[in-house]
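So the sequence lines, in the order shown, correspond to chains H, A and G. End of the first sequence sits at 319 in my numbering; the numbers just go up one at a time, nothing left out. End of the second sequence sits at 324 in my numbering; the numbers just go up one at a time, nothing left out. End of the third sequence sits at 337 in my numbering; the numbers just go up one at a time, nothing left out.
Just so you know, not all the hints are guaranteed correct.
Unchecked claim - DSS-like mimics (lysine-lysine), calculated; alpha carbons at most 27 angstroms apart, straight line: (1) K226/H x K203/A; (2) K131/H x K116/H; (3) K307/A x K203/H; (4) K192/H x K93/H; (5) K226/H x K242/H; (6) K298/H x K87/H; (7) K203/A x K116/H; (8) K203/A x K131/H.
What the hints assert, rightly or not - Label-pair restraints from in silico Cβ distances: (9) G106/A x E197/H: 33 to 41 angstroms; (10) E197/H x L11/A: 55 to 63 angstroms; (11) V78/H x P296/A: 39 to 47 angstroms; (12) L11/A x A200/H: 31 to 39 angstroms.
To be clear, the hints were calculated from the coordinates, so they are not data collected in a lab. This one's a predicted model, so the numbers in the text were calculated from it and none came from an experiment. All C-beta atoms in this analysis are idealised placements derived from N, C-alpha and C, irrespective of residue type, glycine included.
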Amino acid sequence: MSDAAIILEARDVQKRFGAVVAAQDINIKVGLGEKLSLIGANGAGKTTFMNIVTGYLKPDAGSIHFDGLDVTKLNPRQLTRRGVCRSFQIPQLYEPMTALENLLVAIGTSNQAFSLLRPARDAAVLDQGHALLKRFGLEGYAERKVSELPGGVRKLLDIAMALVRRPKVLLLDEPTSGVSVDEKFPLMETVMEALSEEEVTVIFVEHDMEIVTRYSDRVLAFYQGQVIADDDPGEVLADKAVQKYVTGTAKADAVEEEAGA
Amino acid sequence: MHASTKRTCLAGLIAVILLVLAGFVFQHWQTWILFTATKAIGYGLVALGIITLMRGGLVSFGQGLVYCTGAYASGLMATRLGVTDAPVLLVVGMLASALLALIVSPLIARYRGIFFAMLTVALSMVLYGVLVKMNAIGGSDGFTLPEPTFLGWQPSVDYADLALYLLAAVVAVVASTATRLYYDSMAGLVALAVRENELRVEYLGSSVFKVTVRHFTIAGALGGLGGTLNGMALGHIDPLFSFWTTSGEFVFIAVLAGYISVSAVFLSAMILELVRSFSNLYFPETWQLILGGFLIVVIVFLPGGIGSFWERVKEGRAARAQAEQEEGAGS
Amino acid sequence: MEFADILTILVDGVVYASWLFIVALGLTLIFGVLQILNLAHGSLYAVGAYAAASFTMLVPYFGLPPAFSLLAMLIAALAVALVLAPILERGLLRLFYGRDEVLILLVTYAVFLVLEDVTKLVWGVQPYYVFEPRNLFGNVEIGQLFYVGYDLMLIVLAAICGLAVWLGLNKTTTGKVVLAVIHNPDVSACMGVRVNWIYLLAFFVGVFLAALAGAYTAPLISVQPGISVNVIILSFAVVIIGGLGSIPGAAIGALVVGIARAAAVYEFPEAEIFIIYLVMAIVLVFRPEGLFQRTQARKI
Chain H
59 MSDAAIILEA RDVQKRFGAV VAAQDINIKV GLGEKLSLIG ANGAGKTTFM
109 NIVTGYLKPD AGSIHFDGLD VTKLNPRQLT RRGVCRSFQI PQLYEPMTAL
159 ENLLVAIGTS NQAFSLLRPA RDAAVLDQGH ALLKRFGLEG YAERKVSELP
209 GGVRKLLDIA MALVRRPKVL LLDEPTSGVS VDEKFPLMET VMEALSEEEV
259 TVIFVEHDME IVTRYSDRVL AFYQGQVIAD DDPGEVLADK AVQKYVTGTA
309 KADAVEEEAG A
Chain A
-6 MHASTKRTCL AGLIAVILLV LAGFVFQHWQ TWILFTATKA IGYGLVALGI
44 ITLMRGGLVS FGQGLVYCTG AYASGLMATR LGVTDAPVLL VVGMLASALL
94 ALIVSPLIAR YRGIFFAMLT VALSMVLYGV LVKMNAIGGS DGFTLPEPTF
144 LGWQPSVDYA DLALYLLAAV VAVVASTATR LYYDSMAGLV ALAVRENELR
194 VEYLGSSVFK VTVRHFTIAG ALGGLGGTLN GMALGHIDPL FSFWTTSGEF
244 VFIAVLAGYI SVSAVFLSAM ILELVRSFSN LYFPETWQLI LGGFLIVVIV
294 FLPGGIGSFW ERVKEGRAAR AQAEQEEGAG S
Chain G
38 MEFADILTIL VDGVVYASWL FIVALGLTLI FGVLQILNLA HGSLYAVGAY
88 AAASFTMLVP YFGLPPAFSL LAMLIAALAV ALVLAPILER GLLRLFYGRD
138 EVLILLVTYA VFLVLEDVTK LVWGVQPYYV FEPRNLFGNV EIGQLFYVGY
188 DLMLIVLAAI CGLAVWLGLN KTTTGKVVLA VIHNPDVSAC MGVRVNWIYL
238 LAFFVGVFLA ALAGAYTAPL ISVQPGISVN VIILSFAVVI IGGLGSIPGA
288 AIGALVVGIA RAAAVYEFPE AEIFIIYLVM AIVLVFRPEG LFQRTQARKI
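Okay, chain H solo, but in the shape it has when bound (with noise of 0.2 angstroms):
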């Protein structure tokens, strides 16, 4: 940890909705290139760290450091612009629009130069869409309406237009979610493919241990807003903590146990 460059670092960070507790004492470093993964249960505040390092949420107290600079009050275009995006659990698409087209938008938004006087449909701009279809294994669905196409599909797509801007560091929400459970090998799979080319820091939520144990190199497991383990995945997943509150391992086995006795 201390030999590699910090790209994101999260301060003390504070959050709560009425009652509920989404974020506390969260002090996070995150080194440049690493892969790390968020677990968790629903409500543990995953999404809410995700959504305040993407500057959608302000955190009630503490501060976001990206890159060396406190960029806490930033807003997600602001962030965009300097390297930190993020995919959506949802895949947000323009539902109208080719598999192309928004992929072209995505481009768009990156280089904002003479966008006025550039057409849309450049043999420039078209190429660099196709190549990144091509690095998805999109190719075939470029004029499709992404309205009508498959739940995997979009989610590649999704994650293909944060990928647009060659962030530093990308937040994948949830990317293997709403896939059937022989597709979502293949996805991360080829996410991981993709993303293999880029020096970029990846930080996604997940369900499935498998998932998170062959692609990350650090889990993070949450509990009621507070990060209760920090570590390789082989250890946080044989925490007792974990255990009990996350994966629900440990109930599992406290009953094998009794149905052995």
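Add chains A and G to chain H, keeping to what the hints say.
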């Protein structure tokens, strides 16, 4: 130059030639059409502004504000300063309205849906209220404009309508070509994305606020052009230019046209003017009844407007082509 | 400014506010329940005024005493609502539920256009004068000045309407159901609420209130084409100042507009129309959802 840019400019050039030819034909055949067409172009320009706003997900129900501002700015220029040159007046009207829109837009860019629509109505009605009471510039009667000149040339009475129509046609084509190029540009595509999902646009790093300000200012400039043009066509302007029912007609044209096609705007404006002329002639008492009924029919049966009709034809052709291709591949 | 002037402005303003409140109450109710901003609301007011003009003419025709014209006006408003509410809501607006709210705004604009000409076709373009009922209550002296008793009766009528709608919504079972539909029509439908009936009911009451205001203000004005246009802009100003969908908001908005207008008429007659729109624009700029609504934060 990009191929699509070339195509758009070429289409504009052809449109100018056709419109000019049509002008000379109607001058010798049905002269009244020229006046109607000029007015339709004036209305169409304002509606083009609404369509630009619609592409960003907003509808203004108060474009009378910029329509009236353009008409009054250029009208006062003509009566007070004696400038009667039509192209100069058009530029003055356009700039005055664009400036007003630019000043107002940061205030209203925070709102959406009916709140945006009603705030624009409120602003246009403020202007209406002010003008009605400003007796120095005619109060509710408004004032009459001098005959326009064209770069120093004063056409004879017989050719006055033709001259103004030709200018209007050129302005309409230049304005629509420019708007089309904007719609097809990178920034235009991003603006269309605003309509679908603002959240994502912000998360991609673009400012929805800026898009709205830009659109409202463009709509202001187009509204100013339309107001100036109609002021010159009618020879008289009054505060009703800013009344909410006037704005309602602009929205009518925009809805009839849909936001996909630029030329459909002028077609629907012409349809509206023709329907107005005929019902004034044959059913003078029921013009609004016809307009209202027509509007409901359009909303029910052609929700995407006339422009979507062409889009559907195009899609149908593309689908057929694809089907044939697949058939060919299969055999 | 002397005390008498202030009193005059206040009384005039409150009288003006009272009928405006009745119109705005209907507008705000329709918006609250159906999420429709009804641009044809002013036309419904106008139809109410015309109907009242026709109905009150029947009173001397049947040899009834003049006091019956008050009843005739009520029946006129009821008749307008019974005829127009089902036609408009079931026959037209229903087709557009769930569509873009601006689109529905446009549909009501079309209805406004149609009703404008229909009233002209039915009642002609000549003005109607319904002065008779205005003499029913004599004059009332307030601080050395005399006011027409009928005008003050409008204040009572407005209070009754406001109270009735408020009680109806908050104290009756049907009212609770309406509130449930406002909160979530889909869930209400799943619970067995006949949402369609609630929509029709709310629209009916809204139309009735507009027609009622038109009927009872008919004696104060000359009933002629164009009154609808004025009323719709005024009542919009009221609900937007007060906050769309809020009953106390409509009351406050009506008072603000009524008194601002009365003050303008006495002090700066040249600013009469302008001042109302100005107040509305200022309120919208600082409190976009009106004085009485929680400002809902947009997502970005």
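To see whether the hints hold, each was checked on the structure:
1. K226/H x K203/A: Holds, at roughly 26 angstroms.
2. K131/H x K116/H: Between K131/H and K116/H the Cα gap is close to 7 angstroms, so the pair holds against 27 angstroms.
3. K307/A x K203/H: Distance ~16 angstroms between K307/A and K203/H Cα, so the pair holds.
4. K192/H x K93/H: holds (23 angstroms)
5. K226/H x K242/H: Given that 27 angstroms is the threshold and the Cα spacing comes to 25 angstroms, the pair holds.
6. K298/H x K87/H: holds (23 angstroms)
7. K203/A x K116/H: Holds, at about 23 angstroms.
8. K203/A x K131/H: Answer holds: K203/A to K131/H is near 20 angstroms, not above 27 angstroms.
9. G106/A x E197/H: 33 to 41 angstroms: holds (38 angstroms)
10. E197/H x L11/A: 55 to 63 angstroms: violated (42 angstroms)
11. V78/H x P296/A: 39 to 47 angstroms: Because 42 angstroms falls inside the window, the suggested range holds.
12. L11/A x A200/H: 31 to 39 angstroms: Roughly 36 angstroms apart at Cβ, these two residues keep to the hinted range, so it holds.
The earlier numbered hint that this structure contradicts is number 10, and it is the only one.
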